[in-house]
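Throw the hints in and build the complete structure from the sequences for me.
Single-letter residue listing:
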Amino acid sequence: MSARSFRSVGWVASVGAAALGCYMLSLQVAAERADLSGVESRIVRTKQEIRDLQTELGTRGRLSQLESWNAEVLALSAPVAGQFVANEVVLARLETPSGELGDRAQLRMASAETGETAPAAAPQPQARTAAVESTAAPAQPVVRQASLTTAPAAASANVPARAPVTQARAETRPAPVRTTTPARTETRPAAARTAAPVRTAALLDERTARQIGETARAESRARPPAARPIAAVRAEPRVRAASTDKD
Amino acid sequence: MATLAARTEPFRIVEEQPNALALTYQRLMMMLLIFAGVTALIVGRLVFLQLFADRAASASAVNPLIPPRADILDRNGVPLARTIDAWTIGIRPGDAIGDHGEVAARLAALMPERSEAQYRAMLASNRNFIYLRRRALPELVEAANAIGEPAIVFSREPERLYPQTALAGHVLGWTDLEGHGVAGMERVLEARLMDPAHRGEPARLSIDTRVQAAMEAELAAAVTAQQAEGGTGIVLDVRTGEVVAMASAPTFNPNSAGRADANALYNRATMGVYELGSVFKPITIAAAMEAGVVTSPAQRWDASAPVPIGRFRISDDHPLGRAITVPELLIHSSNIATARVADAMGAERMQQAFRDVGFDETAHIELNERARPLWPSDWGRARVLTSGFGHGVAITPLHLASAYAALVNGGFWRPATLLRIEDGRAPQGRRIYSEQTSLRMRQFLRMIVTHGTGRRGEAAGFRVGGKTGTAEKVAAGGGYSRRVNVSTFAAAFPMDEPRYVVVVMMDAPQGTEETHFLTTAAWTAAPVVSRVIARTGPLLGIIPDADRDIDTSELLPLVASAEQ
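Chains as they are written, first to last, in our numbering: chain F, 1 to 247; chain W, 1 to 564.
Just so you know, these hints were derived from the structure itself, not from any lab. Treat the hints loosely; a few may be bogus.
Cut-off 20 Å, straight-line C-alpha distance, at most; resulting in silico cross-link-like pairs (EDC-like, lysine to aspartate or glutamate) [as the list claims (entries may be wrong)]: (1) W/Lys-473 to W/Asp-302; (2) F/Lys-47 to W/Glu-157; (3) F/Lys-47 to W/Asp-85; (4) F/Lys-47 to F/Asp-35; (5) F/Lys-47 to W/Glu-159; (6) W/Lys-473 to W/Glu-229; (7) F/Lys-47 to W/Glu-201.
Partner residues aside, some chain W positions facing chain F, computed with beta carbon under 8 Å [to be verified]: (8) Phe-35; (9) Val-38; (10) Thr-39; (11) Leu-65; (12) Met-111; (13) Leu-161; (14) Thr-165; (15) Leu-167; (16) Thr-209; (17) Arg-456; (18) Ala-460; (19) Arg-535; (20) Pro-538; (21) Ile-542; (22) Pro-544.
Glycine residues also receive a C-beta, built at the ideal position from the N, C-alpha and C atoms.
The following block contains the structure:
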């Protein structure tokens with residue numbers, strides 16, 4: 001008897017609990033929904049605010065205003081034809097061939113390297129200077145063509161990027177390369193392959209960029225374009241080698 | 001008694017037990033029904049919330065972001081027209097409680113466009129509501145609120161704002177106080193901008209704000225320096241017919257169009273019809289090449305003596321006194337030789353040549369502010385000869401830009417448009433010149449800039465080609481005035497692969513020291529074109545290259561004699 005009556009109480013309690021649970025759930029949903037709509041309305045308000053601010057910014061920075069500021073203060077002018085560089089060869093032409101051989105030997109090409117090839121290429125800096133010294137006068141243009149950038153810190157990592165250069169050199173004048181740096185011929189193809197795709201990532205470091213800028217300014221004042229065809233012509237094989245390595 | 005009572009007891013129990021059981025079941029059933037009902041109610045509520053409440057909430061959340069009128073953007077997404085909630089200051093005279101004199105004095109100090117007496121009259125009037133200032137700045141609203149007069153009311157109303165102010169005002173037009181477009185693209189796109197289905201997405205124009213700004217700045221500088229009546233500049237994409245920039249000086253600010261001068265509201269690019277002069281010559285020559293009248297660039301046309309027609313004589317400013325080749329004709333801009341070419345063409349073919357480039361029709365552009373060309377009704381010999389070098393047919397500068405686009409783009413004429421065209425959706429166009437003629441014209445136009453009257457239109461590295469045109473304006477009393485010119489330079493660049501046509505026209509420029517007191521196009525309009533191209537070429541994706549150019553070497557021998 002008591003068990004039966006308790007059972008019914010149990011039923012009542014469980015149904016009640018279920019109903020309460022449902023109600024709580026409903027309440028919870030309603031609360032969440034209210035929160036959500038609150039967030040949504042905040043998003044809307046923020047979007048409107050962003051739009052207002054964009055409008056204000058656009059109005060304050062309107063082109064006619066910028067134009068008048070430029071006329072009064074900045075005096076910037078549009079870039080002229082000579083200030084556009086079409087490719088690396090033209091960029092290389094901007095370098096001034098100043099100083100002695102020793103100065104130029106420090107200039108190296110900058111490039112972002114993968115790093116794996118660095119240990120293999122580590123002994124190469126000495127080999128390279130040896131090449132420079134041993135092939136004194138005839139080798140000079142070759143060295144110049146390779147030297148695009150100062151990057152002494154990245155000297156060891158730099159070497160793979162020079163691989164295309166050595167390749168070009170090997171094609172034109174095979175004898176001195178082979179005699180001075182015999183090890184290089186073996187490591188070259190692999191290094192070239194890894195280095196080539198990333199070379200464009202960092203063509204110049206800041207100092208060289210500044211240097212080039214100064215040179216460009218100096219040149220635009222007094223322009224002797226005939227001074228550099230040699231560098232341009234010599235640099236071409238290197239570029240070609242790099243591009244063939246890519247595929 | 002006791003036994004009796006004892007007997008009845010079990011009977012009662014037997015009697016009552018089924019009742020109690022039924023009652024219990026009944027109660028249980030009731031409880032079950034109640035709980036089931038409550039559960040069903042809750043489930044129903046949940047379903048209801050899920051089905052209906054969600055949609056209603058999200059709809060109300062999106063609505064405020066859709067402006068009452070769609071934005072207008074340029075081709076790169078820079079906003080040119082937007083609708084903002086601007087503060088409006090009004091006054092309800094009936095609610096005024098403060099001292100009228102003091103309130104009026106403070107209002108006059110804040111908004112000096114009306115006098116103190118006017119404000120006092122407003123406060124005393126029996127009108128319901130008066131606007132004091134629409135589109136007020138928040139600082140002004142704050143200051144007006146600080147007066148503390150309850151009669152001064154503030155509200156936010158949607159207002160059309162042109163963030164770039166005067167930029168492309170003639171293209172955009174403006175809206176009235178109710179927010180309906182009354183001019184320019186605001187009027188053209190009225191239905192599209194107000195359509196609830198499309199209001200959320202902005203309309204895109206073909207204008208490039210940067211190019212437009214450069215064109216307006218250079219044009220305004222030239223108009224001011226040369227004290228011209230006005231000027232206009234157009235940059236047109238030759239491949240699609242999109243108008244990248246369209247400027248007309250003087251300009252106006254569409255934010256306050258009502259206060260602008262009527263002269264400033266006049267869009268010279270599409271409303272002004274002018275006899276544009278020598279810029280017609282390339283069109284005449286191209287048509288003559290198509291018709292087989294000009295068979296070879298080396299063909300010589302007599303320019304030794306003026307051509308008499310009736311009372312007039314067609315003569316050259318700088319007579320060459322000999323027979324000249326076609327490139328020479330264009331380089332020296334010989335009226336005599338062009339008249340002879342036009343004569344050889346005849347009235348029918350000359351008319352057809354101009355009809356091909358749409359000179360007999362209203363300018364092909366969306367704007368309502370456009371003019372019909374002055375297309376002559378009689379085509380006598382005098383008309384034919386003079387039309388060859390741009391007299392007698394008056395067109396808008398936009399007509400000219402479209403015609404030059406056809407000259408250089410391989411021979412396809414397309415209507416100009418102010419709406420952005422998606423890549424690859426350009427209209428096919430109508431072929432009016434052969435590829436061969438177009439190539440030849442490009443060489444000619446380039447040579448005019450390298451060797452002829454258009455030297456000042458050159459922009460280093462951009463391979464500009466173009467033709468100058470200096471026409472005499474019809475004077476007020478009739479007849480042409482020698483001193484008052486319409487100077488036009490119509491150019492395209494880069495000539496080895498034309499992408500854009502740039503037309504600049506100066507209306508009645510005055511000679512200055514800088515132009516050696518000349519008012520010809522070479523000194524007035526061409527330098528503007530040169531500067532605009534130098535400034536905007538890289539923005540339009542054309543990198544100047546001093547090492548590239550169109551090959552004109554085969555034609556140079558034909559003018560070499562004149563050079564020496």
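The hints, checked one at a time:
For the hint pairing W/Lys-473 with W/Asp-302, the CA-to-CA distance comes to about 28 Å; that exceeds 20 Å, so the pair is violated. Straight-line distance between C-alpha atoms of F/Lys-47 and W/Glu-157 comes to about 18 Å, which keeps the hinted pair within the 20 Å bound. For the hint pairing F/Lys-47 with W/Asp-85, the CA-to-CA distance comes to about 14 Å; that is within 20 Å, so the pair holds. At most 20 Å may separate the alpha-carbon atoms for a hinted pair to count; F/Lys-47 and F/Asp-35 meet this at roughly 18 Å.
Distance restraint check for F/Lys-47 and W/Glu-159: the Cα-Cα separation of roughly 18 Å lies within the 20 Å cut-off, and the hinted pair is therefore satisfied. Between W/Lys-473 and W/Glu-229 the CA atoms are separated by roughly 12 Å; this keeps the pair inside 20 Å, and the hint holds. As the CA atoms of F/Lys-47 and W/Glu-201 are separated by approximately 15 Å, the hinted pair is consistent with the 20 Å bound. About 4 Å separates the beta-carbon of W/Phe-35 from the nearest beta-carbon of chain F, less than 8 Å, and the hint is met.
Taken as an interface hint, W/Val-38 checks out: its beta carbon lies about 5 Å from the nearest beta carbon of chain F, inside 8 Å. Taking 8 Å as the C-beta cut-off, the interface hint given for W/Thr-39 holds, the closest approach to chain F being about 5 Å. For W/Leu-65, the shortest C-beta to C-beta distance to chain F is roughly 6 Å, which falls under 8 Å, so the interface hint holds. A least Cβ separation of about 21 Å between W/Met-111 and chain F goes past the 8 Å threshold, and the interface hint is therefore violated.
For the restraint placing W/Leu-161 at the interface with chain F, the shortest Cβ-Cβ distance is roughly 7 Å, inside the 8 Å limit, so the hint holds. For W/Thr-165, the shortest C-beta to C-beta distance to chain F is roughly 6 Å, which falls under 8 Å, so the interface hint holds. At its closest, the beta carbon of W/Leu-167 sits 6 Å from a beta carbon of chain F; the interface hint therefore holds under the 8 Å criterion. Contact between W/Thr-209 and chain F, as hinted, is supported at the beta carbon level, the nearest pair being about 6 Å apart and thus within 8 Å.
The restraint placing W/Arg-456 at the interface with chain F is violated, with a minimum CB-CB distance near 16 Å, outside the 8 Å limit. Among the interface hints, the one on W/Ala-460 holds; its C-beta lies about 5 Å from the nearest C-beta in chain F, closer than the 8 Å criterion. Restraint check, W/Arg-535 versus chain F: the minimum CB separation of about 4 Å is within 8 Å; hint holds. Evaluation of the W/Pro-538 hint against chain F yields a held restraint, the C-beta minimum of about 7 Å falling below 8 Å.
Because the smallest distance between the Cβ of W/Ile-542 and any Cβ of chain F comes to about 10 Å, over 8 Å, the interface hint for this residue is violated. Interface hint status for W/Pro-544: upheld, as the beta-carbon distance to the closest one in chain F is roughly 4 Å, under 8 Å.
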